[in-house]
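Chemist: Start from the sequences and build out the full structure, keeping to the hints where you can.
If you read the sequences in order, they're chains V and W.
Following this note's numbering, the residues of the first sequence are numbered contiguously, the last one being 412.
Following this note's numbering, the residues of the second sequence are numbered contiguously, the last one being 412.
If you're looking for bench data, these hints aren't it; they were derived computationally from the structure.
Hints are supplied without guarantee of correctness; some may be wrong.
Copies of one chain are not kept apart here, so a pair can be met inside one copy or by any two copies together.
[What the hints assert, rightly or not] Below, simulated SDA-like cross-link-like pairs (lysine to any residue); rule was C-alpha separation at most 20 angstroms, straight line:
| # | residue 1 | residue 2 |
| --- | --- | --- |
| 1 | Lys-318 | Asp-88 |
| 2 | Lys-196 | Arg-179 |
| 3 | Lys-223 | Asn-201 |
| 4 | Lys-268 | Pro-236 |
| 5 | Lys-171 | Ala-105 |
| 6 | Lys-194 | Ile-115 |
| 7 | Lys-343 | Thr-310 |
| 8 | Lys-343 | Thr-311 |
| 9 | Lys-112 | Leu-199 |
| 10 | Lys-116 | Asn-394 |
| 11 | Lys-203 | Asn-45 |
| 12 | Lys-116 | Lys-194 |
| 13 | Lys-381 | Arg-108 |
| 14 | Lys-268 | Ala-322 |
| 15 | Lys-223 | Gly-43 |
| 16 | Lys-196 | Thr-109 |
| 17 | Lys-144 | Ser-172 |
| 18 | Lys-203 | Ala-232 |
| 19 | Lys-196 | Ser-10 |
| 20 | Lys-194 | Gly-107 |
| 21 | Lys-194 | Lys-243 |
| 22 | Lys-203 | Met-73 |
| 23 | Lys-169 | Arg-108 |
2 protein chains.
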Amino acid sequence: MNAEIIGVGSELLLGQISNTDAQYLSRQLSSLGIDVFWHTVVGDNRDRLLQTLRIASDRSDIIITTGGLGPTMDDLSKETVAEFLGLDLVLHQPSLKRIREHFAATGRTMTKNNIKQAMFPRESIILQNDIGTAPGAVMEDNGKSYIVLPGPPSELQHMFDHYAFPYLKRKSGQGIYSRVLRIYGIGESAVEEKVKDLLENQKNPTLAPLIGVGEVTLRITAKASSPEEGEALIRPMQQEIEKRLGTAIYGFDEDRMESVIVNLLREKGRTLSVAESCTGGLVSNRITNVPGSSAVLLEGCVTYSNQAKTTRLGVSPKTLAAYGAVSTQTALEMAEGIRNTSKSDIGIATTGIAGPGGGSPQKPIGLVHIAIADQDGARAKELHLDGDRMLIKNGSAMRLLNWLRLYLLSLK
Amino acid sequence: MNAEIIGVGSELLLGQISNTDAQYLSRQLSSLGIDVFWHTVVGDNRDRLLQTLRIASDRSDIIITTGGLGPTMDDLSKETVAEFLGLDLVLHQPSLKRIREHFAATGRTMTKNNIKQAMFPRESIILQNDIGTAPGAVMEDNGKSYIVLPGPPSELQHMFDHYAFPYLKRKSGQGIYSRVLRIYGIGESAVEEKVKDLLENQKNPTLAPLIGVGEVTLRITAKASSPEEGEALIRPMQQEIEKRLGTAIYGFDEDRMESVIVNLLREKGRTLSVAESCTGGLVSNRITNVPGSSAVLLEGCVTYSNQAKTTRLGVSPKTLAAYGAVSTQTALEMAEGIRNTSKSDIGIATTGIAGPGGGSPQKPIGLVHIAIADQDGARAKELHLDGDRMLIKNGSAMRLLNWLRLYLLSLK
Chain V
1 MNAEIIGVGS
11 ELLLGQISNT
21 DAQYLSRQLS
31 SLGIDVFWHT
41 VVGDNRDRLL
51 QTLRIASDRS
61 DIIITTGGLG
71 PTMDDLSKET
81 VAEFLGLDLV
91 LHQPSLKRIR
101 EHFAATGRTM
111 TKNNIKQAMF
121 PRESIILQND
131 IGTAPGAVME
141 DNGKSYIVLP
151 GPPSELQHMF
161 DHYAFPYLKR
171 KSGQGIYSRV
181 LRIYGIGESA
191 VEEKVKDLLE
201 NQKNPTLAPL
211 IGVGEVTLRI
221 TAKASSPEEG
231 EALIRPMQQE
241 IEKRLGTAIY
251 GFDEDRMESV
261 IVNLLREKGR
271 TLSVAESCTG
281 GLVSNRITNV
291 PGSSAVLLEG
301 CVTYSNQAKT
311 TRLGVSPKTL
321 AAYGAVSTQT
331 ALEMAEGIRN
341 TSKSDIGIAT
351 TGIAGPGGGS
361 PQKPIGLVHI
371 AIADQDGARA
381 KELHLDGDRM
391 LIKNGSAMRL
401 LNWLRLYLLS
411 LK
Chain W
1 MNAEIIGVGS
11 ELLLGQISNT
21 DAQYLSRQLS
31 SLGIDVFWHT
41 VVGDNRDRLL
51 QTLRIASDRS
61 DIIITTGGLG
71 PTMDDLSKET
81 VAEFLGLDLV
91 LHQPSLKRIR
101 EHFAATGRTM
111 TKNNIKQAMF
121 PRESIILQND
131 IGTAPGAVME
141 DNGKSYIVLP
151 GPPSELQHMF
161 DHYAFPYLKR
171 KSGQGIYSRV
181 LRIYGIGESA
191 VEEKVKDLLE
201 NQKNPTLAPL
211 IGVGEVTLRI
221 TAKASSPEEG
231 EALIRPMQQE
241 IEKRLGTAIY
251 GFDEDRMESV
261 IVNLLREKGR
271 TLSVAESCTG
281 GLVSNRITNV
291 PGSSAVLLEG
301 CVTYSNQAKT
311 TRLGVSPKTL
321 AAYGAVSTQT
331 ALEMAEGIRN
341 TSKSDIGIAT
351 TGIAGPGGGS
361 PQKPIGLVHI
371 AIADQDGARA
381 KELHLDGDRM
391 LIKNGSAMRL
401 LNWLRLYLLS
411 LK
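Modeler: This is the structure we're talking about:
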């Protein structure tokens, strides 16, 4: 069984947004063992969408459209799929009721346009929208399934997971099971060297590398008829890779560096506080994205100014005068300062030059000092990072978090 | 003149990466006045790529492939385009020399496979790769241009900007000019109601809405032969929309809420500090993403614990005991506290329940209090937000920032 994903929207063709919906659906379809052979993007244009549907219906079993379910005249996905299949639209009362309730709950005024969002072919299966107004639908024709989904990612993902996924699971038989190994602190080619034989010599499971920004990911994928069988195929290869890469593997599947750290802090019974200069709140923000982080993160201070470094963290004015705000000494005092003033077990700190201003020959843009303090004192590292302000903020945060992870792993 | 972008790579169809190359190219092509009517993504598969090229050559003038220029057997874009056009590949000595030099410069060993990257049809225009090893190419056939570009975004962007853009600029005559209007605090359908006549009755310039997460965007696009002519076409429509939407328009083009705020703070000569509970550093992080924010943001405190709210900000333990950490009273004291302790002109604060834990019937997940303090005291707003932890963090941050923007606009 194979699928084609059709993104509908001129904003995609103008490059205003990226087609993240196709990425999300591709992952989910792959986990169902459904091959995705094509993505297509077409504008809000009836004729070109009809042409796209004609091509897709010739070569694909499952045709999914994303976007174009809004209330405006430009939104024509559902109407065009129905036209392509020769189906009329009628008012679906339960959907109209839901849309009314949604507007009432969010305190907004429903417009006449929104009624269009409750019109569907009589024969279709309605996919409820728990997040926004536009329901989706499945229309079946000639052994093929046409699934229309809304464009906003939060609506699409929730609707797919809750209402389209179960439908597709029934239609497909075998599953694909996979494990993602997340790696940090070792380059792509070095990882590939270490698992070269596994990459070359593979059938079921397969192994594939994947580069992200500053991290490397390996994905083991097995075809199997049950989760247990899938796990039995994946396990030996996973163990072999773990043996070779050791602690460079920081997590699996949906793990993120910050979720691994929150888990480690809970496991080791340690509390954390964060003092940030050049990362400006990014480290705190990452950690507080993790549910339950409030149990281990006591507080964060974004001390951009020298004054704040002194009053909030107790960094000595002498240190700032002698070495400057971007220095090993300041980083050490920031980490110790946030640890002491917050009474947490561990204090971490960043100070550096993220640019685009503020660089000098002695202290160029990309120079960053990071530090970790505990009951035995503080230690610092000096980083030299490339890229723009965002890359330097992100690189500093990831390196500090990875260092903190290795530190936590070393604790008894 | 119209273009089609064909992304080649199974990693796209598996959802391992998002098709950011198509987004980048779409923007650049749009700025050249070249209409992009289709994006297609196809796997590393000769037959399906040939089929895709056949469809594209029927409907598009410029066909751009991205990816599949690497040294491995899986990389077959250039070979398949040449096969489709009936062209043979020959060794391009200058490219081989460059690839050799690239390997020498990066201290890596060149493999035999890399020679494949220097093979091109004799008739093609070579596009030099200044970042990586694989050059690209333009092949012309029957009035159409086939452009093969590498997949890694940094290589693709540099090659396109420096070598493909000038080629396409020569081919196209007219330019497209556009202005994006960024709107916050008013729903999509309400915006459309207000500009309905402009949406319906358009030719040059055109107007199109675009929904993002929690914000609405309108794009005015004009076809013109010079930037001045473009501006003259855009200006009247922009002024009409500004008249109708007023301060709901927070910015233009590449503006972001946080960059608008940093500009307003500079303009009004005010300094800011941020006290965050439920947003956990997100507000500080957003503001510090803006270059030059260090001139106006004095500091931020992430005070997750009650203790930190008291010691860092001076929130009274009595207030916390009587009303709880998530309350109007605590938000007011947080905003006043960060303002006083940081000695800044303005203090802002968030406190709420982002979930998934911590909710109760009296204080459900999504209840958030935000506050702004200045020399005249503090005021607070109560929010009721939907969605998961990330949506609640983001929604709280955006509403606070938008409120701060309106507050700053009201200052003399």
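Chemist: Take the hints in turn and mark each one as holding or not.
Modeler: Cross-check of the supplied hints:
1. Taking the shortest Cα distances, Lys-318 and Asp-88 never come within 20 angstroms of each other, neither inside one copy (78 angstroms) nor across copies (64 angstroms).
2. Proximity of Lys-196 and Arg-179 under a CA criterion of 20 angstroms is satisfied intra-copy only: 18 angstroms inside one chain copy versus 49 angstroms between copies.
3. In this assembly of identical chains, the alpha carbons of Lys-223 and Asn-201 lie at most 20 angstroms apart only when taken from the same copy (16 angstroms versus 54 angstroms across copies).
4. For the homomeric pair Lys-268 and Pro-236, neither the shortest alpha-carbon distance inside one copy (28 angstroms) nor that between copies (63 angstroms) is at most 20 angstroms.
5. Proximity of Lys-171 and Ala-105 under a CA criterion of 20 angstroms is satisfied in neither setting, with 36 angstroms inside one chain copy and 53 angstroms between copies.
6. When the C-alpha separation of Lys-194 and Ile-115 is checked against a cutoff of 20 angstroms, the pair qualifies only between copies, where the shortest distance is 18 angstroms, while the shortest distance within a copy is 58 angstroms.
7. Taking the closest pair of Cα atoms, Lys-343 and Thr-310 come within 20 angstroms of each other both inside a single copy (17 angstroms) and across two copies (14 angstroms).
8. In this homomeric assembly, Lys-343 and Thr-311 come within 20 angstroms of each other (Cα to Cα) both inside a single copy, at 16 angstroms, and across copies, at 11 angstroms.
9. With identical chains, the CA atoms of Lys-112 and Leu-199 are at most 20 angstroms apart between copies only, with a shortest distance of 16 angstroms across copies and 57 angstroms within one.
10. In this assembly of identical chains, the alpha carbons of Lys-116 and Asn-394 never lie at most 20 angstroms apart, being 44 angstroms within a copy and 30 angstroms across copies at closest.
11. For the homomeric pair Lys-203 and Asn-45, the shortest alpha-carbon distance between copies (15 angstroms) is at most 20 angstroms, but the shortest distance inside one copy (41 angstroms) is not.
12. With identical chains, the CA atoms of Lys-116 and Lys-194 are at most 20 angstroms apart between copies only, with a shortest distance of 19 angstroms across copies and 56 angstroms within one.
13. Taking the closest pair of Cα atoms, Lys-381 and Arg-108 come within 20 angstroms of each other only across two copies (18 angstroms); inside a single copy the shortest separation is 52 angstroms, beyond that limit.
14. Neither within a single protomer nor between protomers do Lys-268 and Ala-322 lie at most 20 angstroms apart by alpha-carbon distance, with minima of 37 angstroms and 34 angstroms respectively.
15. Proximity of Lys-223 and Gly-43 under a CA criterion of 20 angstroms is satisfied inter-copy only: 18 angstroms between copies versus 35 angstroms inside one chain copy.
16. Proximity of Lys-196 and Thr-109 under a CA criterion of 20 angstroms is satisfied inter-copy only: 16 angstroms between copies versus 59 angstroms inside one chain copy.
17. For a Cα distance limit of 20 angstroms, the shortest separation of Lys-144 from Ser-172 inside one copy, 13 angstroms, qualifies, whereas the shortest one across copies, 41 angstroms, does not.
18. With identical chains, the CA atoms of Lys-203 and Ala-232 are at most 20 angstroms apart within one copy only, with a shortest distance of 15 angstroms there and 61 angstroms across copies.
19. Proximity of Lys-196 and Ser-10 under a CA criterion of 20 angstroms is satisfied inter-copy only: 18 angstroms between copies versus 42 angstroms inside one chain copy.
20. In this assembly of identical chains, the alpha carbons of Lys-194 and Gly-107 lie at most 20 angstroms apart only when taken from different copies (18 angstroms versus 57 angstroms within one copy).
21. For the homomeric pair Lys-194 and Lys-243, the shortest alpha-carbon distance inside one copy (11 angstroms) is at most 20 angstroms, but the shortest distance between copies (62 angstroms) is not.
22. Taking the shortest Cα distances, Lys-203 and Met-73 sit within 20 angstroms of each other only across copies (16 angstroms), while inside one copy they are farther apart (48 angstroms).
23. With identical chains, the CA atoms of Lys-169 and Arg-108 are never at most 20 angstroms apart, being 36 angstroms at best within one copy and 46 angstroms at best between copies.
The earlier numbered hints that this structure contradicts are 1, 4, 5, 10, 14 and 23.
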